[in-house]
Structures are given as C-alpha cells and as structure tokens.
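Sequence lines, in order, name chains A and B.
Take the first sequence: its position 826, counted from the start at 1, is 825 in numbering that gives the first Met the number 0, and no numbers get skipped.
Take the second sequence: its position 222, counted from the start at 1, is 221 in numbering that gives the first Met the number 0, and no numbers get skipped.
Think of the hints as simulated: they come from the structure by calculation, not from any bench.
Keep in mind that the hints are not guaranteed to be accurate.
What the hints assert, rightly or not - For lysine to aspartate or glutamate, the following DMTMM-like pairs were computed, each having C-alpha atoms within a straight-line distance of at most 25 Å: (1) LYS42/B x ASP983/A; (2) LYS870/A x GLU950/A; (3) LYS946/A x GLU990/A; (4) LYS44/B x GLU490/A; (5) LYS169/B x GLU11/A; (6) LYS187/B x ASP556/A; (7) LYS239/B x ASP966/A; (8) LYS56/A x ASP113/B; (9) LYS56/A x ASP154/B; (10) LYS116/B x GLU490/A; (11) LYS818/A x ASP154/B.
Stated by the list, open to error - Some residues of chain A that are not near chain B, with every Cβ distance over 10 Å (derived): (12) LYS10; (13) ASP358; (14) ASN401; (15) PRO474; (16) PRO627; (17) GLY659; (18) GLU795; (19) LYS978; (20) LYS991; (21) ILE1001.
To be verified - Have a look at the derived ranges for each label pair, beta carbon to beta carbon: (22) ASP46/A x LYS42/B: 52 to 62 Å; (23) LYS244/B x THR951/A: 16 to 26 Å; (24) GLU253/B x LYS948/A: 52 to 62 Å; (25) SER827/A x LYS141/B: 55 to 65 Å.
These numbers were taken from a predicted model, which means no experiment stands behind them.
All C-beta atoms in this analysis are idealised placements derived from N, C-alpha and C, irrespective of residue type, glycine included.
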Amino acid sequence: MICGIEIALKKEFKDAQGISLKKKAASYFSILIQDARCIDIVTIESDFSEQQLEKIKDEIFTNPVTQVSSLKPLDIKFDWCIWIGFRPGVKDNAGATAKEAIQDHLGKIFEPDEDIYTSKRYCITAKGLNREDVEKLASELLSNSIIQQFKVFHIDEWDRDRGANVKTARVILDHTPCCEVINIGSNAGLADISDQRNLALNILDIPVIREYFLDSKVLESRKQVGLKEPTDLELEYISQARSDHCNHNTFQGTFRYKDAASNEEALEKNLFKTYIKEPTLKLKDQKEWVVSVLWDNAGVGRFDDENNYVVTGETHNSPSNMEAYGGAITGIVGVYRDPMGTGLGSKLFMGSFGYCVGDINYDGPLKPPLHPRRLLDGVIEGVKDGGNKSGVPTTFGQTLFNKDYMGKSLVFVTALGIMPNQVKGKPSHKKKTSPGDLIIMSGGRVGKDGIHGVTASSESYSENTPAGHVQIGDPYTQKKMHDFLLICRDEDLMPFITDNGGGGLSSSIGESAMISNGCVVWLDKVPLKYEGLDMWEIWISESQERMTIAVKPENLDRFMELSALHEVESTVIGEYTNSGKLHIKYKEETCAYVDMDLLEKGFPSWEFDAVWLSPETRGLTEPVIGSPSDFNKLLLKMLERPNIASKEWIIRQYDHEVQGGSVIKPLVGVKHNIPSDASVTRPVITSQKGLAFSQSLLPWYSKIDAYHMMTCTIDEAVRRLMAVGGNFDHIGGLDNFCWPTIQFDPKNNPDGKFKAAQLVRACRALKEACEKYEIPLLSGKDSMYVDGHIQGEFGERVKMSAMETIQFSATSVIDDVSKCLTMEPKVSGDLVYILGATANELGASEYYELFEKTGINVPRVDFDKFKDMYKIIERAITNELVASCHAVARGGLGVHLSYMAMAGGLGIEISLSDLPMDTNRGNLFDEILLYSESAGRFIVTIAPENKIKFETLIKDMPAACIGMVTDKHDHLKIAGHYKDALIDLSIKNMEKAFNKTFGEMI
Amino acid sequence: MKKVNALILTGFGLNCDNETAHVFELAGAKAHKIHINSLISGKIKLKDFQIFVFGGGFSWGDDHGAGVIQALKLKDHIGNELLSFVDHGNLVIGICNGFQALVNLGLLPGLDSDYTKRSVAITYNDCGNFRDQWVHLAVNKKSPCVFTKDIDIADFPIRHGEGKFIADKKIIDTLVDNNQVVLQYADKSGSPANGRFPLNPNGSIDDIAGICNPTGRIFGLMPHPEAYNHFTNHPDWTRKIQLLKREGKPLDQETIGVKLFKNGVDYIKKHI
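In isolation and in its complexed conformation, chain A is listed as follows (with noise of 0.2 Å):
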C-alpha cells in the first residue's frame, strides 16, 4: 500500500523555502511571485492501519505548535504547484531517518519491498505567471534532472484527493547479476570494449592487458578455477587501478620540455618522484615532527608527545559541475573519510574549503551544464550540510570568481585529524593487514552510485558523461561510523582501515591485499541498497559512506557489538590471504582470479610534449595605463570587485567553532567581518597548543608563468601561517594541482604541450619553495581536465580551460595559541610597519584585470631574503613584541590597508615615501605602490613603546614605519609619494564598497 502524509508550517509562520524561492526567481529569471508555500511529502510503501498511519503523522512528522498535517493533500491554495522529488536510486537521507524513526516508534521492522521516500511541493500564487516559466523554476532552481523529477500542475488540473500522486522512486532492475567473459582477440577489439563499456583503458595499456591473459601460466592458473578470457569485473578493476584519478599517471608520465626560445632540453621522468616524493622525503629525514608521508590516506606529523595530526585535500569538480549541491556534499564528506581512514584512524578536528567559479552574472550565450550563480549556490549548501552534520568546523576557507571557471569550476575540500600517537603501545600511523584477517566493510550499502566516477574524473566533461556517478553524500551515517571507529580504534580492533572513495571496492581491497599479499572476497555478501547489480558494479561502485577494515577474527565478535550499539551496518566481505591472488566470488562461481602483481607488470608509463613559450615569447607586455587622478573612487572600486569583498555570507553558513577549540575564525576585526590570514584550532581541548591553518590560491598569475604562480602561492600560504603567530619551522605542505588538459591534440587540444610545460614549471617550482621554505608536503592531489565544452548560441560546443590551479595549504603547530596574533590594529598611536619591499609587479594583478590586462611583472619570490623575515617575524611574535600583522595578498597594500582599517574600526595614518621600495623592476608611481602585488609582504602594528626593540629586530630588512593607528578620526588616509593626500576614505565608505556586491546575502 502507498500512502502519503503532507506537513506544511501553519499559514501564520514564515516560509524561508518559499521565500528563497520567491527571491532567486525574481532575482534569477525575473519571474514575480506574490507567495509560495512548501509542503513535505512522506510517501509510505508499507501496509499500515489508518490508525498507525495517523499515529506516524502526528507523533513524528507533525509539530503541533508549528505545522499542519494531513493523509491526504493540504488544501494549500496557488496557481501553480511544482512537486519535486528524488529519482530512483538517488540517495534520500529524509527517506532513510524516516523510516529509522517510524521502525523504532511503531516496533515494526519494513520488509525488503517496503520503504519511505520524501519530496516536496511548492504551491505558488502568481498572476499572468505561464507553464513556461513554472518550468522554468521546476528546472532550473528547485530540481536538477541528473538526481531529480518534477511534475507542474496548474489549479485546473489539480486533483483534490490524489494531489501530486506521488509514486515511490523504487528501484526496479529486473536483471538477473552475472559476470561476462570478455573477448580479448585483438587490441583493436578490446579498445572497442572500452569505448562500449565505458572502461576508458589507455590505448597504451591494452597489449599489457591482452598479453597478461594470454599467457599460458596465467592461463592454466585460472583453469583452476574455472576462467579463462577476463571478466568484466578484472577488466573494471584494472581500469579503475590504472585511472588517472587513481594512478596518476600524469604526474608519474614522461615530459619532454623543451624551451622554445632558448631551446633548452629537459627529460622529465616522474614530476611526482622529482619534485614532490625526492624532496618530502629528505626534509622527512631532516624534520622530526613529519611522521608518515606519501602513502597513507593522509600526511602524518607530529602535534604534541602524545598525538598527530593528520590533513589531505581532495576535489570534488566533475559530479559538482554537473549536481552542485550533491557532489559539493559528497565531496567533503569523502575527504572526511581519508582522516578516518588514515593510520589507524583519526578524529575529524577541522576542514576547509576553496571554491573557483566563473562570473555569477555572466548572462552571455554560453550554456554550461549549471549556471555558473547555481552551481556556487548548490555547492555551498552542499558543504554546510556535509560539514555542519559531521560534526567538524570548517575554519577556513576561499572562493574566487574568474570567468574561466565557467567549463569546469573547482571544488577543494581539506580535511585534518587528529589522533593519539599509540594505540595500545603500538605507533597508531602504521597498519597492515595480514592473512587470516576478515574484510570488513562497515557503513552505508551498495547500490549503482557513483559506478565510473573515477574514469569520468579523468576525462573532461563532454555531453556523453554519463550522470549517474553523482551522488548525495549522507554526514548522518558517517558520522554515526566515525563515533564507532574510534572506540574501534582505541580497544584495537582494527589492524588496518581504509575509506572507500574512488573505486570503491575495487580501489580499497585491491590495494589493502597487496600488503598481506591477496585476499578472497565474497561479493555475494556485501549489503546491497537493492537486488539486481552485476558482480563489476558491487566491486567499483562508488556508494558513499563505507569503510573497508581488517579484523582479527578473535576480535570480530567485539566489533560487531560496537557496530550494533551505533547503529552502523558491518558485514564480513571477505577475508585477507597470502595467495599472491586477488580472488573475487560470487556464491560458488569465481569472478576474477588475478594475480595481486599484475599492476606492476609493466604498464608503461604514459608521454607527454611540454614546449614552454615564455612570457616574452608569447609577446606578453605591460599595458599602457597612465596614473588615476581619483584614488578614492579607484580604491572603493577596487573593495566592490568580487575577489576583493567580502563573502561574509558564505563562512557564516559554516560552524566554523564546534569541538569548542577554535582560537583565531575565519572573520577578525571589530566588526567580526574581515577574512582572516589562517585559522587557529585547539584540537587537543585540553592543550593550549594550537594547529594554525592557510590556504592561498593566485591562479591569475598562471597567465604568464605558472612558476610564478606557484611560488606566490606557497609564499603566500606560509606568511598567513606566520601572521597569526606560525612557526616557521614546522610548515607542513599539501597540494591540490587542478590542470587543464596537457596531452596535445592538433584539434581538441592544440595548447596542450604549453600546458604540459607549465605543469613542469610548476613542480619545478614547488620543489624550488618546499626546499627552501623546508616544507614537507604532507598530503597532495591532482585533478587533472579541468576543461569543458560549452554550449554556445549556435549548437556549437566552446572549449574553456580552468586557469592552470593550485591551492596550497599550510599548517603549523603554535606552542602557546595565547601569543597568536589578528590582524586588526588595536589601539590608537599604534605605529604601522611594512615588512618587505614593493616593486613593479602588478603582473596579472587584482588591478590589471580591472583594466582586463594580463601585463607581464609577475611577482616574483625571494625566498632566501623572505625567510629571514619570515624568521624575524616570527621572533617579534613570540617576544610579544606586535599588536597585529597582516600578510599583503591578492589587491595589494591599498586593498589590504583598507582591510586592516575596517578590522580596526580606527583610523590609519600612511606615507608611501617611506615604504621599502625596489626599483629593479621599474619605476614605482603610486598606483604601483598601491596595488602592485610583490610577495613577502607583511603591515604590523606596534605599541610605541617597542619601537626600539622591534626596530633592532629588523634592522637589516627592507622594512619601515610607514604611518600611525589614530582614533582623532576613522579614516584610511594615505599620502603619495608623488601626491600628498591620496587616499582619504571613511571606514563607512570603505564598508559600504566591500558588502555591495555580496552584501544582501545571508
């Protein structure tokens, strides 16, 4: 029996879904509605007595001081109704607490056939409004096709009793699993299979493959157990371990750079060992805080004598480009789980976010699968819910506006952990499994999600993608499993653990049983979401939510009473061998018998052409822009500009304090408005240490040299950390390549070979900064294609490439979090420092692109000369000797002046004549000075009294006083080295500029 039950908020009490409804469509699409309601619909499948029914409704869906309820449609008047609801399959997180909760209050379990779904209908009242433009709002505000259905009703069709006649969203496959034999007769065959099904094999790797299983030993091998030719699941599975996403075979490819001007020639043989492995290693041996790098789920390093911290990074870009809100959610949620799954598991203590998103306004021709506005409201709803729910603050985070974002924009999401550092005497970064230990997969279940997430992030985002491996991340669960976990972890139950993230099974157990040397796994017993998946789809799906674990069978028994007091599914899939085969059933049949080496059996590795043209090459001058004459207007104009104001809006929408050990937020100042250089977190509550955080992204500098780019990036991130008080000696790394395409193509890609060389200048230059800044990168990712094809006016599809990405993120561990520092000047006669030099170098520049110029004095990194600074500074810190700092970032001192102004609320007194000036680059007129954006920059403030000390302290750096914190009047002003008054602008002004563009929003 289906029934439905509707809730609504009683008429006297303000809609928020229907007044957000009401705004973006009079915002979005110009559609004027007088008034919409929501309704909730819980659908029921299940046979219920009216009088149970009754009970349900009103005991747990009703708030009788709030709502109103009904088994049959709410007469709820409108004109329009638009009822949205999931599609089959797609994960209901309401659905599944609904029936959580109807299970316990009535004591009646639901059957396999039984379920609950929820959706929604919205009744809107509205004049003259016509079925398209309902549509319209159906479609492109409150559903997306790719997880969702829609119906429109006008009040003439609508049908009192049956309402929206709501059918469940089952899912019926009607197939009976089995596992194929695939023919492997010729390569040209097999890369037809691979189109066919989806594999995206190299082309490269198809003789291995063939050759493997036509080898006569392998051959007879698997007569033994019945197999000849490969299945389909062995082919999934070396598709999936030999995918970009999970292999990266872009960063251990061979480049051959060649510079085209100079004609240098270099052979690159592995980025990944030359310029990120080689060097993390060697500062590993030098630093005896790093404690596990390069193969975990996560980077290990030391936090106090008795824990570690933990941080890795991810992207979330293909699923989110295509469902914002579900991959955004998803994302974060699965970077939660490599903590988790890190060492023997770890706490969740902090994350972050970085978000790059093309123009929001943008209303030309150009169709992009979201909307650029969408896409970034979906996605920052999705990591509220999937951060908020975990229970985890997301301290920090950065989005950024450039219109190439528009084909692929990019999601980062960061994860940190922290865990003790013993495990029952045992070091808790190690972990192994070993023959005789059961697999266990503990979470959620499976079902056909996510099936070919991992080929589809390794290929740009064309219109066959397939959609189905957008998923709706589910905190609720997980959160439940991380609380188990870790009481897992502390009795040791768990001798390894791992997250399944890309790859699912395929990806976890495949690698997990190279360290026992094989396994055997029994498919037949994974929980299943619903009956009818083939044997591939349960070993690569990519359902949400699970963890792959190793258990001791003397231990299982405990296991699984913890799992069952949480309330977590954990089911023995299988159990850890030393077989040297990786052998996979399904009841009595064997559906892949392959030897655990075949992965190293000589795949080659893949090519890549990298020409650099540099800038000058490329014909990149400086442009022509003759001094303003109205500095004021200039400055207040440059705080409106969308990288610069203030998204005040989307931190607070994130707890960025739960856990309770939150010591420097996201927003400082008077105000609590300003972004702040880097978070500071007690995740030991008891401790009064604390772990320092930044994240910097300057991609615009990729315009003319990615080197460039990457070494202000770095710069940048480590003089955050060091701003509130970091120390320098302990700056942990991670990196989050985001790359367009690099494999030339004379039609589809025809710049990949610069491409290609700039991801070389790149790496190059991040060995250069790790080196010299003696960062060890903990963690890092790539995500390569970062392109899309755009829909243009005329059924014609546009190529956009991201700007060449990286966001690099920080850490270090402070010894007292009651020296750190903010960045607000905080008592008047404070005298105001500059720290480091300025030069030329507005180079793709926050004013440049005001003018939209590209210009060519990109900033450039001293790192011998910073250091040193960057060393002084952190001795001023910690003597106690600075009231604020303040790292000079993205605008430069004009926008970062104004800044510190705001965050003071008290005026600012200035004089560029005595600023640290570099003329090596060129001539400094005042607009230079003002926004040229040179790296190594920091404003402190002073007390009067530490003059003397701090000016000893400083004595042999490019740094001076430059002005004075004032309450005689609360204005930022600025004198000229060529003009007296500048800049004299009242804090309310500045203000008013920074909220205008994103002000309204909450």
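Since the structure of chain A is provided, determine the placement of chain B on it from the hints.
Just chain B now, with coordinates in the frame of chain A:
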C-alpha cells in the same frame, strides 16, 4: 565530598559531546559520554547521575525537525526514567540541538508541572539559513535558573539553522511572568535586541535565546556556552588582551562559559 556526575549524550549525529564533557570537568564534575543506546538498553542508569546534558549536534541529521526524532526515541524508551530524574531535583541542560529535543520532549517549558506537552517550538531562522555568529546575551536576574546565577551578560556563539523560538502569545506571556525566560539576545550593553538582526540572529520572539522550567532546574538554550571554554574562544580576545596589556593587566582566564556549568555543578554539590 561526593562527585557530581554529568551524563552527556552521544550518538546518532550529536557532536558537541567532547567539549561539553571537557567544560563539565573544568567545572568540577565527572563527565560521562554516554551513547543513547546504552541508556535505552538499560546498561547505563540515569539514577547514577545528577546532571543530564542534551548537547549540540545534528541528531538524525535534523531531518523531520531538529531534535524531533531524538525526543521521540527518548520518550518511547526512557520517558518515565527521565520524568523521575527530574522529579528527584536533578538538573537537565539542553544546548542547541539539545534544547530543540527538550521542547519536543515537553520537558520545557514544563508549565503546570506538565513535562510531556509540546507547547513551544524552535523553528527555522528568519534569515533562512544556518548561521554561526557570536551573540550578546542578557540574563534575567529574576529567573530561577540555577545555571545563570551571578551572571548578568554573556557572549556565546550560536550555530544553528533552526533557532527561532516561537509560541502562542499566552504561553510567551506566562514564560515572561514566571521569569522562565532566562536569556535574551541583546546588544553589547545588555539591552534586548528587539528583534534587530543580526543581534537577534534568528527572529526569536521576544529575543528569547534560552528558557528554564518553573523550578529553574531544567534549562535550554540555543547558544553554545561550552564553546566558550577557553579565553581564546572569544572573537575579541586578541584585542582585549592587547588593550589590557597596555594597562599592565592580564586577561581573566576563566570564561563565562565555564562559570555557567560551574553554577550547575555547585548547585548539585550544595543540594544533593
């Protein structure tokens, strides 16, 4: 002296248990983090505790109304034990999601000694979104609430999407008359916000941020006092410490957050 035992609920998406336990320890209690299912199974008995803490988090993902399923589950399985716990003069505090659970259980507001009736609700913020923000709170000095003794004003963070307190006018009037309104959103000086956003961050009627039952032993509030367990939690601490330093004074290290819990613990020490 007998140890004060505080029970802090965990499980099913609750997430503030660690810092809440920590702050109770700072306040002099022994804190026990107990999974909801351990209470339901009877393995852990309420009678061994004097303070019952419904902490913050997203129990059951906030689906179907924040705190609704948690309240239903506890009512179904340990409803009577809860009532007898309250009858014995013990303390109950509900913070954020815990406050939402208390009003859905009916333990608050507890008018006419009815501890099962849902007569008030906490619903979606007027601003339409989840919000993390520090608020100023004015304390009703006439309130019988044991947790807020000797506290006039307090700053705590709010972190919720559903924090708007609503009820019929008659109920609100009764709460005001009984001095059951303990905390109101206010400006810096402690004057009620009068509904002004963002001082009142969610549109709560009468700026209500926290209420207690008529005896003052059951207390529910949307702001998170446990998130002010260390002086560095306050958003203005770096400025305050600098200003005090110029006067040669140190910053007071005990926070109002810890004091609030200490009031509860001290009450038990004195009365039970």
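Against the structure, the hints:
no. : hint                            : in the structure
1   : LYS42/B x ASP983/A              : 69 Å, violated
2   : LYS870/A x GLU950/A             : 15 Å, holds
3   : LYS946/A x GLU990/A             : 31 Å, violated
4   : LYS44/B x GLU490/A              : 24 Å, holds
5   : LYS169/B x GLU11/A              : 16 Å, holds
6   : LYS187/B x ASP556/A             : 56 Å, violated
7   : LYS239/B x ASP966/A             : 17 Å, holds
8   : LYS56/A x ASP113/B              : 23 Å, holds
9   : LYS56/A x ASP154/B              : 39 Å, violated
10  : LYS116/B x GLU490/A             : 42 Å, violated
11  : LYS818/A x ASP154/B             : 22 Å, holds
12  : LYS10                           : 14 Å, holds
13  : ASP358                          : 23 Å, holds
14  : ASN401                          : 26 Å, holds
15  : PRO474                          : 7 Å, violated
16  : PRO627                          : 35 Å, holds
17  : GLY659                          : 3 Å, violated
18  : GLU795                          : 39 Å, holds
19  : LYS978                          : 34 Å, holds
20  : LYS991                          : 17 Å, holds
21  : ILE1001                         : 5 Å, violated
22  : ASP46/A x LYS42/B: 52 to 62 Å   : 34 Å, violated
23  : LYS244/B x THR951/A: 16 to 26 Å : 20 Å, holds
24  : GLU253/B x LYS948/A: 52 to 62 Å : 32 Å, violated
25  : SER827/A x LYS141/B: 55 to 65 Å : 40 Å, violated
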